[in-house]
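Asks: Sequence:
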Amino acid sequence: MSYNGTNYPPPTYETCSDGISERCPAELSLYGDTFTLGACVFFVVAHALALIPQLYFGIKARTWSYTLWLAIGTIFELIGYSGRIVMSSNPWVYNAFVIQLVLLILGPTLVAAAISITFKHLVLWYGREYSFIKPVLYPWVFVGTDFFSIVIQAAGGGVSSAATNGDNNDQGMLDVGSGLLVAGVVFQMANMIFCGGLMMIYIWRRHKAIKNGAAVRAGDETATESESSTNENVKVIRASDKKTKIFVYALTVAYIAIIIRCIYRIPEMQMGWGSSLMQNETTFLILDGAMILIAVWTLTIFHPYFFFPFLGKKQKMEMDAEKSREKGPDAPVMEENAQR
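If you're matching positions, the sequence shown starts at 1 in the UniProt record's numbering and goes up one per residue.
Hints are supplied without guarantee of correctness; some may be wrong.
Lysine to any residue pairs mimicking SDA-like chemistry, simulated, CA-CA at most 20 Å apart [as the list claims (entries may be wrong)]: (1) 245 with 286; (2) 243 with 253; (3) 245 with 256; (4) 242 with 183; (5) 245 with 294; (6) 242 with 286; (7) 60 with 298; (8) 242 with 210.
What follows is a list of derived Cβ distance ranges for each label pair [said to hold, decoys possible]: (9) 56 with 147: 23 to 33 Å; (10) 162 with 25: 17 to 27 Å; (11) 9 with 252: 48 to 58 Å; (12) 134 with 95: 39 to 49 Å; (13) 33 with 194: 29 to 39 Å; (14) 38 with 137: 39 to 49 Å; (15) 56 with 144: 26 to 36 Å; (16) 280 with 205: 36 to 46 Å; (17) 201 with 246: 20 to 30 Å; (18) 18 with 282: 43 to 53 Å; (19) 18 with 194: 44 to 54 Å.
Hints were generated in silico from the structure; no laboratory data involved.
Here the structure is a predicted model, which means the values were calculated and not measured.
Here a beta-carbon is modelled for each residue, glycine too, at the ideal position from N, C-alpha and C.
All chains, please: the whole structure from these sequences, using the hints.
Replies: Put into structure tokens, the structure is as follows:
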């Protein structure tokens, strides 16, 4: 078999292990060129810098689950772009190809799981009675489905990697791997939209209760004890303070950024390996790299340590105890048990 007027067989990661040459030009690699070194270094440094405060404030606030998912997702992004740094000088390095393929696919899903972790605690904070499902189910429904998405995408990455390892690319396996990757990203986006829909229903029910007088805001609009006692239908709920609102807005920004990334990734993988969209590095850096970096840094800057300490185990126990002391034994208890 020949191509481009030469007698060389089609290049693969196995036959091009020595790097770029006449036999193995960069334009015939899956990505059509070498990656831009400066951009790859930027994303490595940006994620590394985000990791430091994530771990520091996560340990200090004892937000273990949130910190774990966010940190691992950030590490995956960091290592993924490190693989791209290697490929910026030689696109035929198989190990670097596998690393950047698998980790840049999985990283955003882990970051999304960090967002999902917060939903249960936000529901407990603002009032469990407005939730469509029991708060204890939120981690199982949201994070559990995130994990299922991770499994699908990991399988797709593994099959795709195996299909490119050898003297000849296995097109059938590549198609299967691509299909699994698309299915995983589609499932992730559908899951995020579903979870977002549940939270929108929660917000709508809570807003309706406040509007109808079934509940009143605490904090800026705190009801006095006498006002509460004269109306049995009025229930004082958790304060919607400015910091918590900011935290919710930050989650929304990160959520939208990850959704945008998923919308881009679906056609990129659907069009097949070596497609024009896959080979457009600028589009990838904007719609994948930048979107996930925005999500990572938004979740880092607006960390629960500052904006939603109730997410941490220690602060949660202290705040519940303080709330009970302030209200007294006859006051309504909104968070009897964080695990309910």
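Asks: Now tell me if each hint is right for this structure.
Replies: Hint by hint, here is what the structure shows:
1. Annotation: proposed proximity of residue 245 to residue 286 is violated, straight-line Cα distance about 28 Å (limit 20 Å).
2. In summary, the hint linking residue 243 to residue 253 is supported, as the alpha carbons are separated by about 15 Å, within the 20 Å threshold.
3. Of the supplied pair hints, the one linking residue 245 and residue 256 holds, its CA atoms being roughly 17 Å apart against a limit of 20 Å.
4. Restraint check for residue 242 and residue 183: not satisfied, since their Cα atoms lie roughly 39 Å apart, outside the 20 Å limit.
5. Simply put, residue 245 and residue 294 have alpha-carbon atoms about 19 Å apart, close enough for the 20 Å limit, and the pair holds.
6. Under the criterion of a C-alpha separation no larger than 20 Å, the hint pairing residue 242 with residue 286 is inconsistent with the structure, at around 31 Å.
7. Restraint check for residue 60 and residue 298: the C-alpha separation of about 19 Å stays at or below 20 Å, so the hint holds.
8. Of the pairs offered as hints, the one joining residue 242 and residue 210 holds, with about 18 Å between alpha carbons and a cut-off of 20 Å not exceeded.
9. Evaluation of the 23 to 33 Å hint for residue 56 and residue 147 yields a pass: the beta carbon distance comes to about 26 Å.
10. Under the hint 17 to 27 Å, the C-beta atoms of residue 162 and residue 25, about 24 Å apart, fit the expected range.
11. A C-beta distance of roughly 51 Å is found between residue 9 and residue 252, which places it inside the suggested range of 48 to 58 Å.
12. For residue 134 and residue 95, the Cβ-Cβ distance of about 45 Å falls inside the hinted range of 39 to 49 Å, so the restraint holds.
13. Between residue 33 and residue 194, the C-beta spacing of about 38 Å keeps the proposed range 29 to 39 Å intact.
14. Checked against the hint of 39 to 49 Å, the pair residue 38 and residue 137 passes, with Cβ atoms roughly 46 Å apart.
15. For the hinted restraint 26 to 36 Å between residue 56 and residue 144, the CB-CB distance of approximately 29 Å keeps it satisfied.
16. For the pair residue 280 and residue 205, the supplied restraint of 36 to 46 Å holds, since their beta-carbon distance comes to about 43 Å.
17. In this structure the hint that residue 201 and residue 246 lie 20 to 30 Å apart at CB holds, the actual value being about 23 Å.
18. Separation of residue 18 from residue 282 is about 29 Å and departs from the stated range, judged on CB atoms against 43 to 53 Å.
19. Between residue 18 and residue 194 the C-beta distance comes to about 48 Å, which sits within the given range of 44 to 54 Å.
Against the hints set out earlier in the document, violations occur for numbers 1, 4, 6, 18.
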